[in-house]
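Residue numbers (the numbering used here), protein chains in the order written: chain A, 94 to 485; chain B, 188 to 283; chain C, 2 to 320.
Since the hints were derived computationally from the structure, they do not count as laboratory data. All figures in this text were calculated on a predicted structure; none of them were measured in a lab. Be aware that a few hints might be false.
[Claimed, not checked] If you want the footprint, here are the derived chain A segments under chain B, 3+ residues with CB under 8 Å:
(1) 180–193
(2) 208–217
(3) 315–321
[Stated by the list, open to error] Using 27 Å as the maximum straight-line C-alpha spacing, the simulated DSSO-like pairs for lysine-lysine come out as follows:
(4) C:K94 to A:K288
(5) A:K282 to C:K101
(6) A:K315 to B:K191
(7) B:K231 to C:K94
(8) C:K94 to A:K282
(9) A:K315 to B:K234
(10) B:K234 to C:K210
[Said to hold, decoys possible] Counterexamples of contact, computed for chain B against chain C with all Cβ distances above 12 Å:
(11) P194
(12) Q198
(13) M205
(14) Y227
(15) D228
(16) N229
(17) S230
(18) A251
(19) D252
Where a beta carbon is used, it is the ideal one built from N, C-alpha and C, also for glycine.
The lines below spell out each chain.
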Amino acid sequence: MTKRAGMEIAFAAAEAVALCKPDVVAAYPITPNTHIPEHLSDIVADGRIDADFICVESEHSALSACCGASAAGARTFTATSSQGLLFMAEVMPIVSAMRLPVVMAIGNRALSGPINIWNDHSDIMSQRDTGWISVFASNGQEVVDMVIQAFKIAEHRDVLLPFNVNLDGFQLTHVVEPMLFPDQEEVDKFLPEYKPYATVHPDRVVSMGTLGMPEIFTEAMKAKDMALINSKKAILEVWREWEEQFGRRYGPIEAYRTEEANVLLLTVGSMGETAEVAVDELRKRKMPAGLLKLKLWRPFPSEELRKAVKGAKVLAVMDRAVSCGGSAGPVCAEVKSALYGEPDRPAIVNYIIGLGGRDVIAEDFIQIVEKAAKAEKEKPKEAYEIYGVRGS
Amino acid sequence: MANKKWPETWQEVNLGCMVFSPGNASEYHTGSWRDRRPVYDNSKCIKCGICYIFCPEGCISQDADGYFVADLDYCKGCGICAHECWPGAITMLEEG
Amino acid sequence: MSIVENFDLYAPRLADKEEYFSAGHRACQGCGEALAIRLMCKALGKNTVIINATGCMEVISSLYPTTAWRLPWIHVAFPNSASVGSGVEAGLKVLRRKGKISDRDVKAVSIGGDGGTVDIGIQALSGAMERGHDLLYVCFDNEAYMNTGMQRSGATPFGASTSTDPVGSVSFGKKAWKKNVAEIMVAHNVPYVATACHSYPIDFMNKVKKARKIKGPSYIHCLSVCPTGWRMDSSLTIKVGRLALETGIFPLYEVENGKYRITVDMPELLRPVEDYLKLQGRFRHLRPDKIEEIQARVNLEHKKLMNKVEQLQSWNDLG
Numbered sequence: 094m095t096k097r098a099g100m101e102i103a104f105a106a107a108e109a110v111a112l113c114k115p116d117v118v119a120a121y122p123i124t125p126n127t128h129i130p131e132h133l134s135d136i137v138a139d140g141r142i143d144a145d146f147i148c149v150e151s152e153h154s155a156l157s158a159c160c161g162a163s164a165a166g167a168r169t170f171t172a173t174s175s176q177g178l179l180f181m182a183e184v185m186p187i188v189s190a191m192r193l194p195v196v197m198a199i200g201n202r203a204l205s206g207p208i209n210i211w212n213d214h215s216d217i218m219s220q221r222d223t224g225w226i227s228v229f230a231s232n233g234q235e236v237v238d239m240v241i242q243a244f245k246i247a248e249h250r251d252v253l254l255p256f257n258v259n260l261d262g263f264q265l266t267h268v269v270e271p272m273l274f275p276d277q278e279e280v281d282k283f284l285p286e287y288k289p290y291a292t293v294h295p296d297r298v299v300s301m302g303t304l305g306m307p308e309i310f311t312e313a314m315k316a317k318d319m320a321l322i323n324s325k326k327a328i329l330e331v332w333r334e335w336e337e338q339f340g341r342r343y344g345p346i347e348a349y350r351t352e353e354a355n356v357l358l359l360t361v362g363s364m365g366e367t368a369e370v371a372v373d374e375l376r377k378r379k380m381p382a383g384l385l386k387l388k389l390w391r392p393f394p395s396e397e398l399r400k401a402v403k404g405a406k407v408l409a410v411m412d413r414a415v416s417c418g419g420s421a422g423p424v425c426a427e428v429k430s431a432l433y434g435e436p437d438r439p440a441i442v443n444y445i446i447g448l449g450g451r452d453v454i455a456e457d458f459i460q461i462v463e464k465a466a467k468a469e470k471e472k473p474k475e476a477y478e479i480y481g482v483r484g485s
Numbered sequence: 188m189a190n191k192k193w194p195e196t197w198q199e200v201n202l203g204c205m206v207f208s209p210g211n212a213s214e215y216h217t218g219s220w221r222d223r224r225p226v227y228d229n230s231k232c233i234k235c236g237i238c239y240i241f242c243p244e245g246c247i248s249q250d251a252d253g254y255f256v257a258d259l260d261y262c263k264g265c266g267i268c269a270h271e272c273w274p275g276a277i278t279m280l281e282e283g
Numbered sequence: 002m003s004i005v006e007n008f009d010l011y012a013p014r015l016a017d018k019e020e021y022f023s024a025g026h027r028a029c030q031g032c033g034e035a036l037a038i039r040l041m042c043k044a045l046g047k048n049t050v051i052i053n054a055t056g057c058m059e060v061i062s063s064l065y066p067t068t069a070w071r072l073p074w075i076h077v078a079f080p081n082s083a084s085v086g087s088g089v090e091a092g093l094k095v096l097r098r099k100g101k102i103s104d105r106d107v108k109a110v111s112i113g114g115d116g117g118t119v120d121i122g123i124q125a126l127s128g129a130m131e132r133g134h135d136l137l138y139v140c141f142d143n144e145a146y147m148n149t150g151m152q153r154s155g156a157t158p159f160g161a162s163t164s165t166d167p168v169g170s171v172s173f174g175k176k177a178w179k180k181n182v183a184e185i186m187v188a189h190n191v192p193y194v195a196t197a198c199h200s201y202p203i204d205f206m207n208k209v210k211k212a213r214k215i216k217g218p219s220y221i222h223c224l225s226v227c228p229t230g231w232r233m234d235s236s237l238t239i240k241v242g243r244l245a246l247e248t249g250i251f252p253l254y255e256v257e258n259g260k261y262r263i264t265v266d267m268p269e270l271l272r273p274v275e276d277y278l279k280l281q282g283r284f285r286h287l288r289p290d291k292i293e294e295i296q297a298r299v300n301l302e303h304k305k306l307m308n309k310v311e312q313l314q315s316w317n318d319l320g
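Only chain A is shown next, with the shape it has when bound in the complex (with noise of 0.2 Å):
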C-alpha cells in the first residue's frame, strides 16, 4: 500500500533507494547531499535492508568502489554534490564507458570559487559530455519516483549505462514534504531483480576496462554515444511503465500552461515550481505566458522541445550555471544547438538565476518573461544575463 510521509527529502531519497534494495553503497559526505547517505547508513545499520555500506575516503573512492561492486554484479547507489563531483569526475565518464549501471544522486550545489555551500547547477553542468543518463527533479515527490525508476532504466537490457538524479541542494533536499512512497511489494513487482550482462568473476572469466587505441577508440565511443541516445526508449517505455503501476506521469519536458503562449520560460530543476505561481499570477493579468520543466537532460530531448516550443515567440531559458566566457549558459546552449534548425523558431534569451543559492522568487519570473517579451520585437543585447546583479 502506498504510504503518504512528510520527511526531508534528502531522507525520502534515502527511503526510495532502499525500497530498490542495493547490495553496495559507498558514499563520503558533503553538504548539502549528507543526509542523503547518513539516513542510508541508519537504515543499513538497522538491517531495514541488507547491503554493505562503505564509509570510503573520499568521492573519487566512492564512485570507485562502486565501479568495483557493479562490475562485481552488486546494485550499487551513491551520492555527491560539487567539490565532491568534481573529484570523482576522473571516473564518471569510465563508469559509462564500462556501461555500468551505477545511480547517483546529487545535490546540486555551486562549485567552488569563492567557496559556496548552496544550491546552483555548475556541478552538474560541468559533467555533461560523461555520457550518464541525467534527470532532474522538481519536487521530493519526483526524487521519490526518480531514484526508483533509475534503476529500472540504468539496468534494463538495452540500456546499462551510469543514472545520476539531480536535486537541488538545500531548495530541495532540506525541504520537508508529504511525498507518496510505494510499499516494498510495488517496487518488486516494478524493480525486477539486478542481471548483469557480465561481472567479474571467475563463473565466467572477463577482462573489463582495456586499452582502446586511436584505430578503436572513435567505434568504441559511437557505441557509447548511440547507447545513450537510445537510452531515451526505454526511459519513455519506464515512464509509461510508472504511469501504469502508480498513476504519475513523466515526460522528458513538462509543459504548464502553455495553451496559446506567447513567451515560454524554461526551468530545469526546483525553480520550475517557483515560476508556476509566476505563470498563474501572469495568466490572472492576461499574459499569455507560459512554462516548460525541462526534466530529461541527458539525453537531450531535442524533438520534444521543438514540438514543445511551436507558436511561440519568444523562449526565455533559465540557467543555474555559468559557462565563463561562452555565449550561452549550459542549458540555453543546448536549446539554441537543438532549435537552430527550425525555421520557425521563437527569439531565445538567457538569464543565469540563482547562482549559488541566491533566492529566486515568482516575482522574479514575472520580471523576466515582461523582459523577455520585448525580444519579439528587440535583440537582447547581451548574449546571457545575469539576472539580479548588483552593478551595472
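Based on the hints, put chains B and C in the right spot on chain A.
Showing chains B and C alone in chain A's frame:
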C-alpha cells in the same frame, strides 16, 4: 573475436570494450621482437626448471623427455634464462 | 643431486603449471614486473579477481580486443586500484551472502605499480586497509613511473636519475629516500605485510599464498627490476634483484601481526651497495661521496629493520 574482422565497426565493438577471450593476447607473436635466441645444450641440462620459472613471457615449457625449450613465437631474447642457467646449458645466439 | 638436498633449485618444478598471464603481452624484454605478475597468479589460482591500476602491467596486457589475463580482471583508473578493489570485495561478499552468485571463495586482489600505490594511489590504499576489506594488495615496485617514461616516484631510490628528477650540473638525481610503504601498512595494523622480489620466486609465491589465506587486508611489496628504466642489460633482471637483497638495499621480510621475520637470509657481511649500483645506468653518475652516503643510510636502515626483527613481539603476545 572469431567472426569479427579487425578493425571492428562501432556495432561490433564489445560492450564496454570488454574482452571475453581470456589469454587471447597469445595471438600476437612477440617472437618477432628479438635479436638473439636461446640455444639449449641438453647434455648439460639438469632439468631443474629455473629457466622456466624465470621467463617473463612464460614461454618455456618441458618437452616429452623433461628438457626445457623456449617457444620461439614468443621469446623476446632477453637472455635471463641463459644468465640464470647455472650448469650453462643455455647460450644466446644472435639472430639473422 | 636430489630434490630434497637442493630444494630451492628444484622447487620451480613444483609450482602450478597453469599460466594465468599469457605470453603475447607487450612488456619489454626481461621485464621483472611481468615475471612477478606471472608468479603471483600461479600462487593465487583461478578463484581470484584482479583489480589493476593504470600502469605498465595494465597497458601491456589489455590492448582491446586482446587480453593476456586468464583471470577475471578489471581496470578503472590510476589512483583507485584499492578503492575499486574494496568495491569488488564488498560486491562479491554481499552477493554471495544473498545467494545471488555461486558459493565460491573468490579473493579480490588489487595490484598497482609504485606510481599507483605509493603516490597517487596511497589515499585509496590507506582507506581500504583501514576499513579492513578482505583484500590483498600487491605493489609491483619498479621505482619510477615507468610506463610513461621513467618519471620520479616516491619509491624512486635516493640518487637515481629519472626523467623528472634527472642528474644535471646542479643535481644528482632524487634527493629524498625511498618511501617505505610496507611500514605504513604495518602502521595500519594490517595483519600480514611482506616484501618480496621475483628473484626469489618461491619466497614470493609462498607469501602470496599466505596473504591469500588472510581473511582481512594484506599487503605485499614486490621489487620489480626494470631493465629498460634502470638502464641495464635485460638478462640481468634476476641478478639485480638478488643483489638488492645481498647488499641489504631491499631485504625480504614479513610482518605477521607486528612480528618481523626475515624470510630470505642476507649474507652476514652485506655486499657493498656499489655492486648493485654499478650495474644500473640510472646510478652511473654517482660519485664516491654519494655512494658512501647511500651505503651509510642502507646500513642504518638495515640496523633499524634488524632491531625490529629482534625486539618487536607479535601483537597477539602483547595483548
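Hint check:
1. As drawn, the region 180–193 of chain A meets chain B at 4 residues by the rule of a beta-carbon pair under 8 Å; at three or more, the given contact holds.
2. Proximity of the region 208–217 of chain A to chain B, defined as three or more residues with a beta carbon under 8 Å from a beta carbon of that chain, is not established by the 0 residues found.
3. Judged by the Cβ-Cβ criterion of 8 Å, the region 315–321 of chain A is covered by chain B as claimed, because 3 of its residues qualify and three suffice.
4. Among the hinted pairs, K94 (chain C) with K288 (chain A) is consistent with the structure: their alpha-carbon atoms are about 17 Å apart, no more than 27 Å.
5. Between K282 (chain A) and K101 (chain C) the CA atoms are separated by roughly 19 Å; this keeps the pair inside 27 Å, and the hint holds.
6. With a CA separation close to 18 Å, the supplied pair K315 (chain A) and K191 (chain B) stays within the 27 Å bound.
7. Under the criterion of a C-alpha separation no larger than 27 Å, the hint pairing K231 (chain B) with K94 (chain C) is inconsistent with the structure, at around 51 Å.
8. Straight-line distance between C-alpha atoms of K94 (chain C) and K282 (chain A) comes to about 26 Å, which keeps the hinted pair within the 27 Å bound.
9. The straight-line distance between the Cα atoms of K315 (chain A) and K234 (chain B) is roughly 53 Å, outside the 27 Å bound, and the hint therefore fails.
10. Between K234 (chain B) and K210 (chain C), the direct Cα distance comes to roughly 25 Å. Compliance with the 27 Å bound is thereby established for this hinted pair.
11. A beta-carbon of chain C is positioned within 12 Å of the beta-carbon of P194 (chain B); the least distance is around 9 Å.
12. At roughly 14 Å, the least C-beta separation between Q198 (chain B) and chain C is larger than 12 Å, which holds for a residue marked as non-interface.
13. Its beta-carbon lying about 9 Å from the closest one in chain C, M205 (chain B) breaks the requirement of being farther than 12 Å from that chain.
14. At roughly 16 Å, the least C-beta separation between Y227 (chain B) and chain C is larger than 12 Å, which holds for a residue marked as non-interface.
15. With a closest Cβ-Cβ approach of about 17 Å to chain C, D228 (chain B) is found to remain outside the 12 Å limit, as its non-interface label requires.
16. No Cβ of chain C comes within 12 Å of the Cβ of N229 (chain B); the nearest lies about 16 Å off, and the non-interface call holds.
17. Once the 12 Å rule is applied to beta carbons, S230 (chain B) is consistent with being away from chain C; the minimum gap is 16 Å.
18. Interface exclusion of A251 (chain B) from chain C stands, the closest Cβ pair being 15 Å apart, more than 12 Å.
19. The claim that D252 (chain B) is not at the interface with chain C holds, since no C-beta of that chain comes within 12 Å of its own (minimum 14 Å).
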